[in-house]
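There are 2 protein chains.
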Amino acid sequence: MLHLKALTDARWFAQVDAHLDEILIDHAHCEKKAAGTALNLIFHYVEDRELCQEMTEIVNEELEHFHRVLELLEKRGIKFRRLRPSQYGSRLHALVRKQEPERAVDRLLVAGLIEARSCERFSALADHVDDPELADFYRSLFESEARHHTTYTRLAQHFAPEEVVNLRLEELYEAEAAIIAEGEPLARMHS
Amino acid sequence: MLHLKALTDARWFAQVDAHLDEILIDHAHCEKKAAGTALNLIFHYVEDRELCQEMTEIVNEELEHFHRVLELLEKRGIKFRRLRPSQYGSRLHALVRKQEPERAVDRLLVAGLIEARSCERFSALADHVDDPELADFYRSLFESEARHHTTYTRLAQHFAPEEVVNLRLEELYEAEAAIIAEGEPLARMHS
Numbered sequence: 001m002l003h004l005k006a007l008t009d010a011r012w013f014a015q016v017d018a019h020l021d022e023i024l025i026d027h028a029h030c031e032k033k034a035a036g037t038a039l040n041l042i043f044h045y046v047e048d049r050e051l052c053q054e055m056t057e058i059v060n061e062e063l064e065h066f067h068r069v070l071e072l073l074e075k076r077g078i079k080f081r082r083l084r085p086s087q088y089g090s091r092l093h094a095l096v097r098k099q100e101p102e103r104a105v106d107r108l109l110v111a112g113l114i115e116a117r118s119c120e121r122f123s124a125l126a127d128h129v130d131d132p133e134l135a136d137f138y139r140s141l142f143e144s145e146a147r148h149h150t151t152y153t154r155l156a157q158h159f160a161p162e163e164v165v166n167l168r169l170e171e172l173y174e175a176e177a178a179i180i181a182e183g184e185p186l187a188r189m190h191s
Numbered sequence: 001m002l003h004l005k006a007l008t009d010a011r012w013f014a015q016v017d018a019h020l021d022e023i024l025i026d027h028a029h030c031e032k033k034a035a036g037t038a039l040n041l042i043f044h045y046v047e048d049r050e051l052c053q054e055m056t057e058i059v060n061e062e063l064e065h066f067h068r069v070l071e072l073l074e075k076r077g078i079k080f081r082r083l084r085p086s087q088y089g090s091r092l093h094a095l096v097r098k099q100e101p102e103r104a105v106d107r108l109l110v111a112g113l114i115e116a117r118s119c120e121r122f123s124a125l126a127d128h129v130d131d132p133e134l135a136d137f138y139r140s141l142f143e144s145e146a147r148h149h150t151t152y153t154r155l156a157q158h159f160a161p162e163e164v165v166n167l168r169l170e171e172l173y174e175a176e177a178a179i180i181a182e183g184e185p186l187a188r189m190h191s
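Taken in order, these protein sequences are the chains called A and B.
1 is the number of the first residue of the first sequence in our numbering; add one for each residue after it.
1 is the number of the first residue of the second sequence in our numbering; add one for each residue after it.
The hints are simulated quantities; they were obtained by calculation from the structure and are not laboratory data.
Values in this document were obtained by computation on a predicted structure and should not be read as measured data.
Treat the hints with care, since some could be wrong.
Identical chains share a label here; the pair holds if one copy fits it or two copies do between them.
What the hints assert, rightly or not - Distance condition first, Cα-Cα at most 30 angstroms in a straight line; then the derived DSSO-like pairs of lysine-lysine:
#1 Lys98 / Lys79
#2 Lys98 / Lys33
#3 Lys5 / Lys98
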């Protein structure tokens with residue numbers, strides 16, 4: 001599924017069942033961070049016109065999702081608050097190479113990878129949760145996360161030939177599967 | 001005009017006449033930075049629902065302006081590129097107090113101040129440039145910058161009483177007028 005090397009297992013669903021409120025709050029933070037990632041990519045690769053255009057759409061969509069999660073929290077009487085993030089994002093970002101153009105390839109692939117995992121988790125959550133409103137909500141986000149994954153992966157080819165990108169994608173997606181398999185004690189969207 | 005303590009003078013118009021291309025490129029960078037400022041405010045004040053809503057709209061609008069400037073550059077055969085920024089933004093940000101809630105007040109007032117100055121410069125440019133397409137373009141941006149100024153100034157009152165905000169606004173706007181009067185050798189939107 002979307003190049004992912006491992007699917008979500010029972011350990012995470014147990015975290016969801018025990019801490020659904022935290023998962024929802026963390027989800028809002030993830031949407032906000034996704035908007036920040038896309039905006040940062042505009043800042044760093046301003047000369048790439050297509051990238052700027054695509055990233056602008058992603059910023060808008062992620063912020064729209066952010067507000068949809070906030071509304072959901074409000075409706076459920078869950079106060080939005082700061083939350084210690086999972087290590088998932090920082091562990092992935094640590095894999096990004098420092099030199100350009102490899103850095104651009106990795107930043108785009110990692111962003112696409114996080115979208116892919118979010119997409120997989122939304123799909124898993126839609127099937128897992130009993131609450132129909134919540135299930136519909138997760139289903140409604142699925143398509144755009146899949147699209148973002150594709151956009152990021154395609155844009156990586158602006159910075160390296162397709163076969164080079166694909167080799168690196170394999171490496172990063174293997175590393176991500178290992179991080180997910182290891183898991184984290186905090187209940188988070190990507191724990 | 002919009003609380004500003006000094007209007008743009010002949011020195012800046014001379015920079016515009018000599019380096020219009022750089023002013024246009026810098027303008028694109030300014031729109032991008034304005035989107036970043038609004039997104040950062042969401043990151044720092046996530047608990048303020050109205051602020052998050054207003055900042056989201058500003059992010060979207062600034063990115064739309066960014067693309068409009070990019071299109072204008074393309075149409076004129078001007079290559080968008082990195083540019084050493086003016087000192088204006090960093091000198092204003094240096095005035096932001098470190099402790100909350102004063103920090104929030106200052107960040108919002110400084111953001112509103114930059115919008116006010118942009119607004120004043122767009123209005124001045126619309127009257128100054130001979131090119132009717134460019135004059136119309138600047139005129140079309142005027143209204144939203146004025147609205148953003150009002151939004152930021154109003155949101156500052158979420159973090160301090162109105163009279164405290166107004167006193168601080170006076171101080172910051174005096175400091176800004178001094179920075180603008182001093183000027184800078186680089187031709188920039190806020191030089």
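Hint by hint, here is what the structure shows:
1. Lys98 / Lys79: between (38 angstroms within a copy, 27 angstroms between copies)
2. Lys98 / Lys33: Both. Shortest intra-copy (21 angstroms) and inter-copy (24 angstroms) distances satisfy the 30 angstroms Cα cut-off.
3. Lys5 / Lys98: within (25 angstroms within a copy, 45 angstroms between copies)
Against the hints set out earlier in the document, no violation occurs for any number.
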